[in-house]
Amino acid sequence: MPKPKPQPKDTKSRTTTTTTNPKSSNKGLTIIDTLDAKYAKAPKLWHDEYPEISALKGVQSAKCSGIFTSKEGPMRSALEELRAGTDWAAVVEKYSEEKKKNGGALGVISKVGNMAEFTDVALWLPVSQGGNMWIGTAKSKEGYHIIKVDAR
1 MPKPKPQPKD TKSRTTTTTT NPKSSNKGLT IIDTLDAKYA KAPKLWHDEY
51 PEISALKGVQ SAKCSGIFTS KEGPMRSALE ELRAGTDWAA VVEKYSEEKK
101 KNGGALGVIS KVGNMAEFTD VALWLPVSQG GNMWIGTAKS KEGYHIIKVD
151 AR
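Going by full-length UniProt numbering, the first residue of the sequence shown is number 1, and it counts up by one from there.
Hints listed in this document are in silico derivations from the structure and should not be mistaken for laboratory results. A few of these clues could be false.
Computed cross-link-like contacts, DSS-like style, restricted to lysine-lysine with a CA-CA straight-line distance of at most 30 Å [as the list claims (entries may be wrong)]:
| id | residue 1 | residue 2 |
| --- | --- | --- |
| 1 | Lys71 | Lys101 |
| 2 | Lys141 | Lys94 |
| 3 | Lys111 | Lys139 |
| 4 | Lys63 | Lys94 |
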């Protein structure tokens with residue numbers, strides 16, 4: 001009999017998550033954790049599971065906010081707080097090592113001149129609006145990123 005494949009130690013924080021928290025100002029929260037092996041090996045799954053992402057094919061820029069940490073642990077803690085309904089700006093203030101002012105506003109991100117790991121996520125995330133927040137994760141040589149698109 002074949003051995004079962006090993007599962008990640010913390011499956012709760014390593015999966016795509018959609019939550020609705022009535023206490024939160026975010027009526028719906030969708031986290032697409034690109035560090036999850038399932039998505040890292042087959043990014044097409046993002047498009048298959050979320051039609052909102054497929055509709056963004058060809059987008060060239062996005063106005064983004066972000067949380068940056070040099071280590072994975074604080075990034076995971078920030079994701080847990082977001083899942084629990086903590087306000088985005090409060091999580092940015094507590095965890096981000098950069099851009100704490102203005103809710104982690106990063107400005108406009110485009111394919112030209114930015115790190116690919118970050119822009120690959122930022123350009124396919126739907127805009128967070130109307131109480132629905134979409135966030136994605138990315139790992140770069142600098143560290144770990146939680147990304148939210150504010151506008152196109």
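We went through each hint and held it up to the structure:
Taking the CA atoms of Lys71 and Lys101, the gap is about 21 Å. The hint holds against a cut of 30 Å. A distance of roughly 22 Å separates the Cα atoms of Lys141 and Lys94; the hinted pair therefore holds under the 30 Å criterion. For the proposed pair Lys111 and Lys139, the alpha carbon gap of about 17 Å is at most 30 Å, so the pair holds. Distance restraint check for Lys63 and Lys94: the Cα-Cα separation of roughly 22 Å lies within the 30 Å cut-off, and the hinted pair is therefore satisfied.
Of the numbered hints listed earlier, not one is contradicted by the structure.
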